[in-house]
Structure formats: structure tokens, C-alpha cells
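Input sequences plus hints: build the corresponding full structure.
From first to last, the protein sequence lines are chains Y and H.
The first sequence runs 1 to 324 under this note's numbering.
The second sequence runs 1 to 494 under this note's numbering.
If you're looking for bench data, these hints aren't it; they were derived computationally from the structure.
Hints may be right or wrong, so weigh each one.
Stretch-level coverage of chain H by chain Y, calculated; a stretch enters the list once three of its residues show a Cβ under 8 Å from a Cβ in chain Y [stated by the list, open to error]:
no. : stretch
1   : 130-139
2   : 223-229
3   : 266-276
4   : 412-419
Please read all numbers here as calculations on a predicted model, not as lab measurements.
All C-beta atoms in this analysis are idealised placements derived from N, C-alpha and C, irrespective of residue type, glycine included.
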Amino acid sequence: MKYYTIHHHTRYRYSSEVSESTMEVRMQPRTDRQQRCLNFQLEVWPHAQVLTASDCVQNAIHYFDIPRRHSELLLRAQSLVLVQEGQPLPEGIDSTEWAALEEAAATGVHWDWLSPSEFARPNSLLGDFAEEVEFNRDIDPLSALIRLNDRLHFALEYMPKSTAVDSPIDIALENRRGVCQDFTHIMIALLRRAGIPARYISGYVQQDPQKDEETDLSGASHAWVEAFLPATGWIELDPTNNSRVGDRHIRIAIGRDYADVPPTRGTYKGGSSSELTVGVHISETEDESIPPDLLDNGHWSTREQIEEVSSARLRRDKEQQQQQ
Amino acid sequence: MPNQSENGSENALNLFKSYALDGNTFDEMFQGDGRPRGPYQKLLQSILGVQPSELTQRQQAADLTFLNRGITFTVYGEDSTIERIFPYDILPRIISEQEWHTIESGLRQRIHAINLFLRDVYHEGRILQEGKVPFELIYSSQNYQREMRGVRVANDVYTSIVGTDLVRLPSGAFAVLEDNLRVPSGVSYMLANREVMTQVFPGMFGGYGIQPIGHYGQVLLEQLQALSPKGRDATIVLLTPGIFNSAYFEHTFLARVMGIELVEGADMLVHDGFVYMRTTGGLQRVDVIYRRIDDEFIDPLHFHPDSALGVPGLFNAYRAGNVTLANTIGTGIADDKAVYSFVPEMIRYYLGEDPILQNVETYLCMREDECAYVLDNLDKLVVKAVGESGGYGMLIGPHSTRKEQESFREQIKADPRNYIAQPTLSLSRAPCYINGNVVSRHVDLRPFILYGGEKENTVIVPGGLTRVALREGSLVVNSSQGGGSKDTWVLQHS
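And the structure:
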């Protein structure tokens, strides 16, 4: 059992003033399976009233709007999450599981997770790739899944910024490199093609301090695959890291692919371009070292103001509680 | 054709010299033996009683009125769009009270079942689990909106403003050709036709006992008010895509009749979860939106990201219950032309009743055996793309060329889910006054239904829009394809 504190800061800077920003945020970790979100706060600067909703698969949505003019938009999300180690997988299952999958598909309950979606759709390269990594029905589906996770990891090179957020899987398949999103989309497309329900999990991963990987701050944002087998239920697999998902992965949202669950989605009025900066810090809560500022230098004043506003609001809330 | 024994001059009878009657088509005015049907007797007398030149003058007066009032529609072409007046035929289409009673009760039943279906599909999905309607058909529909799953809809009214197309079969029975459950148009033409008729034939109305339709706007307003907890105090707006939309005339017309604001997306904004319109006096809260914008354009944040027509954040305000949309989002799954074939099943499933109005026999190309039949009989059937409307994406077998048939064959094979086929129907024919003669042309009927949540509080103004295929022999009544319209009378009980 582990507790994590996650700070997720996002900044949009606009080249000239904009107005009527409307934004929808998916940053609150889910409470499901072996994970509990114990606390979540989202602060927005310029100040806006943040409202909540949940979408059709119970991801938490926060939304707000800023009608007045502004040239910068700052989001500071903080969550406290409890994560437990998942159940171990069965040693092996037999190949009749393929038939069980077909029966499950015939009920329609997994329609969303079996149909091609915007970023996870079959293309001409995918069939060849499936042959190359020997993803087929020769072995039972669980072994096939684990083997695919392994082979996909070695078939593609992980390279930050090698693809864009809206790249189709063709680019990663062609160049044999990509980011976690590409590993995930390719694996989802392959699984659905073989009749295994699969979905996209956006979340965070705590870097293993033993492995001396580059510690780029936004690297803590991650994506992986969840696949369904009737014998096991949903199983999480991380093809980017060739691992199963344990207590270092924190789930934020479930989607058919990235298009369903971007951390932020918004519109604004004004003809200017925007520059996005993201910083994520994740720590086990025993560890008290919360970083000063994740974006860059020079924003202390802004940060201070937000804290002032929020602590004032907190005081007010407390006072009201006492009065009641 | 009227018998010589009917009165009237030789001259007047000459009017009917080109009037075609045949046994395979139901004629609205004449029985098989040439005698007029009951509801038309009086009209026939009137036609025979006036000089042909007078009919021509009145037709011209009517055309002029349409032009002066700007009652137009837009035809979208590949390169250009053209604005046209809606061709109008001065001879009314007449329906007896008894016939209307069947139509009215049949439509109430049907639209109630469709609303129950929509609620079910976006919540428990019982009808899909039980296999009464194949889930593939619903989930693969372009109009299925998964974001609507579990969303609470005011009064469970999913589609409150409906226009259902009926045709009359050779037997004389009315059958449903399609339901328009998203943003049906045409009601302004129904109202305009009646207004023009009263102007052009002012003396004619007293003697016939025609049921009034002029209260449509008031009923529509009341139904929209009933969708808001604020009732009569609700602020209601009509959301239009703007002046380039083919039905813009209708949007302005209905907003004026109801006395509500006509707005475009840019006139509104969402703030702290509520919808406001910008007025000269500042922001004003909006409670109900009668939207004439398609689902995918209504909120760029949720649906089509490039849409400049909608209101960003509207869906979140809707989901929070802070604004009502009429019709709601995702109703198009039920007027998909393949799902249409399951409406009789829905009526039996949800209401335990037999359908009062029949469907037209429909072949689903998604079923292999039916698809094979369709491909073998392309020259006989009418093939339709399931998501299209307005007569686009359609092949009329008997009137098509080899080349058109081959093109459809390829399209069907590539995407069978997207096509259905129906037998080529011989729509009923009604008298029209064209170039100085009374001739018979194919017609359909689109009644306008205002659903209030139950069969009992569903209002259908008596009549609807009768569309006419003005070209001789043509079966296509769509205004975009050379159709016109005529006033539709439902007679009072006599």
C-alpha cells in the first residue's frame, strides 16, 4: 500500500490577450479497483469557479470558464492517492478463453473497447506488425497479451517528442519509435483486432529511482493499456516499460484512446497562438519534499497570489462551518 | 376523371383532360370509377364552377405572395447554393376526420414508443440486451452519442419536435416512410400555405369546415415551456446555424410566431455552468434552447471541434441540468433508416400494443441474405443511405441508369451497414393545377408532432405539410429535388 501526492501544473501563455476561455480538465485520479483518490484540488488562475461532472465512463471532469481578458492561464492540480498492489495473474489459462472472448463480444457490453477508435484503428502496417511480433491465437490469450507487451517494448524505441499528441499510429510504426501514447495505441489496435477488449488509461507513473532514466518532469504523465479477459477481468499492461501495472501506476481516466481523455481541452476567443508548459511531480507522501515551482523560474508572485486567494477561501469555509 | 353526369361546362371538364387514373395508385380525389371521394366532392364542385382563367390568376397571386414574403429555401449544390421560392399548388389536399383520427392516434403511439426507446438505449439498454434491436445497429450509428449515456433528460422527453413522413399505399392505408427526430423542418411552409390559401380564396373557408392549424406556434411554445422547471417564466431561444442554412426562413418565422429570440451560437456563452445570451441589457440567462443545429455542431468542446456554430461548454451546462435542449442530443439513432425498421417492434415492446400505422417493408443491407436480394434487384428497389435526409444519397431503381446502379452496388458492398432498400412505392396522387390543367401528381404527408412525455399530452395540429412531386411521374417530393407543396385540410366532423 502506497500513498502518493501528485502535483500537476499546467500553463497556457497566449501571444496576445484572449477571452472567454472554456476548459474541461481530466486530472482527478479515479477511485476504482485497487486505487482511492483521497483528496483532489484544482486551482485556476485567473480565478474561476471550478465545477465538476463525470463522463459516460465515470471519469471525473472539472470545468470552468474565464470570460474576461487574460494572457496566461494557470492550472494547479494536487491529488492524494492510495494505491494497492493488484491481484497476481493466474499461472496460465487455456485456449478456450478465445471462445469465451467471442461470447462476451456477442453481448455488446464491450463495444467501445472492441471497435476501432480515432487513434487506435487498423491500418495497412498493423497487420504486418502483428505478424512480426507473432501476435496471434496460437497460444492462450493471457500468454499472448504478455508476449505482445514484451515484444512491442523491444520493437519500438521509446523516444520523447518523436511523435505529436495527434499523431496516428502509422508514424510510430513506420519510424519504429514513439512515446507511451504510441505504444499504447498500437497495442490497443492490435488487441481489438484480435477480439480482446482494450482501452486507454491515462495516468501517472512514479519513476523507479533505481533505474537511472532521464527525469524529465512531465515524464511522470503516462499512458498504458487495460485489456479484458473473461477469466481475469481487466488487466493493466504497460508496453512502454514492458511491465505489468503495479502500485507505481496511478489511473486518472479511461478512454477508447487519447482523444477521449486529454488532461485539458478548451476553447478561447482571440486570434493568438498559445504555448503550453506542463510540470508533474509525484512523491510518496512520507517524503515531504514538495518542489518549489515546477514550471520555471519567475512565477513566485503568481503562485503566492493563488495561495493567498485559496487560503482566504479556506478560512471563510472554516468560519462558516463553525457558525453552523 | 369526373363523369359527364357531374355538372359543369365542357370548358371546365377540359381542365381534367390530362388527369391520369390507374389501378396501381391511390388517387386522393377520385375513386376507381371516376366518382369523387367524399371529402373532395365540394372541392370538385368549386373547381368546375370557376373559369379556368380565374384559377390561373389565383395561382399567380399565390406565387407572388410567396415571393413577397420571402418564403424560400436553399438548395445546396456542389459549387453553389441557390435560394428558391417553395413551389406552391393552389388545390388543397383533403383528409377526412376519420382518416385523420387514425393518423393522429398512430403517430402518438409511435412517437411515445420512440421516446421510451431513446431513454432505454441511453440508460439500461434493455431492448438491446434482450436482442429485440441489434446493439450493433445502435452503437455503430453515426448519430449515437455515447456522452448521453446516463444523462438525465427533462421529463424524459428526448424528441419533442418531430416531423414524420407518411405515404399512402395503393390500398389507401397510410404508412410511415421515415421519422425525423432531430431537427425536422417544414412546419413554417404548412402554416404559410394556409395563410396564403385564406388570402387567395377568402370566401372558400366557411363552407368546408376545415380544422384550424394556426395555434401551432402557441402549442410549440407551451411544450418548450413545459420542459423547464420555470414553466411560463422560462427564457426560451431558437438557436439557428445562421442565414446560410436552408431552413433559415423557418427559423425566423417560428421565433417571430413564438415571440422568442432568434440567436446564433456567437450570441450565447456558458458561464459557471449556466447558459446566457448577450443582449443590449447585458447577459440574460437562457433556460430552454430550441436548437436547429445538428448535434455535432452544438458544442465545439465536446463534438465537432471546428464548429463555429455552437456554444463552447454547452454540453456541460446541459449535463448539469441547467439548460434544456429541444430536441436533445443523440436522438438520430432512432431515425436512422435501418433502425426505422424496428419501430413496430419498439411499439410492441414498450407499449404492448400493435402498431396503428404500418412501416414500409425494409431490407437491411447489414444482413447478408437481404443484402444479396438488394444487390440482385437494384433496378426495382429504392436504396437509401441510412443517415441522409432530404432525398440525398438515394437510388430509385426503376428511374436509375445502369451506371448509377453500379455506383450504388460498390457503395453498398463497401459499407452495408449504411444502406437499406425498400420496394418502389407508388405514392398516392392528388390533383394539382399545373399550366392550366388539373393533373394528378404523387404526394406524401409530413404531420408535425409535439410530444409532451405521454400519448395524452402529445399535440399534432390537424394536417401537416403535403409535398408534391411536381414533375410528371416523379416520386421525389423533397424540396431540394424539385418538389412543391400544397395546403392540407383536415375536415371537421360533419
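Hint by hint, here is what the structure shows:
1. 130-139: holds (count 3)
2. 223-229: violated (count 0)
3. 266-276: Held - the stretch 266-276 of chain H has 5 residues with a Cβ nearer than 8 Å to chain Y, which meets the minimum of three.
4. 412-419: violated (count 0)
Figure legend: structure checked against the earlier numbered hints; hints not met, in rising order: 2 and 4.
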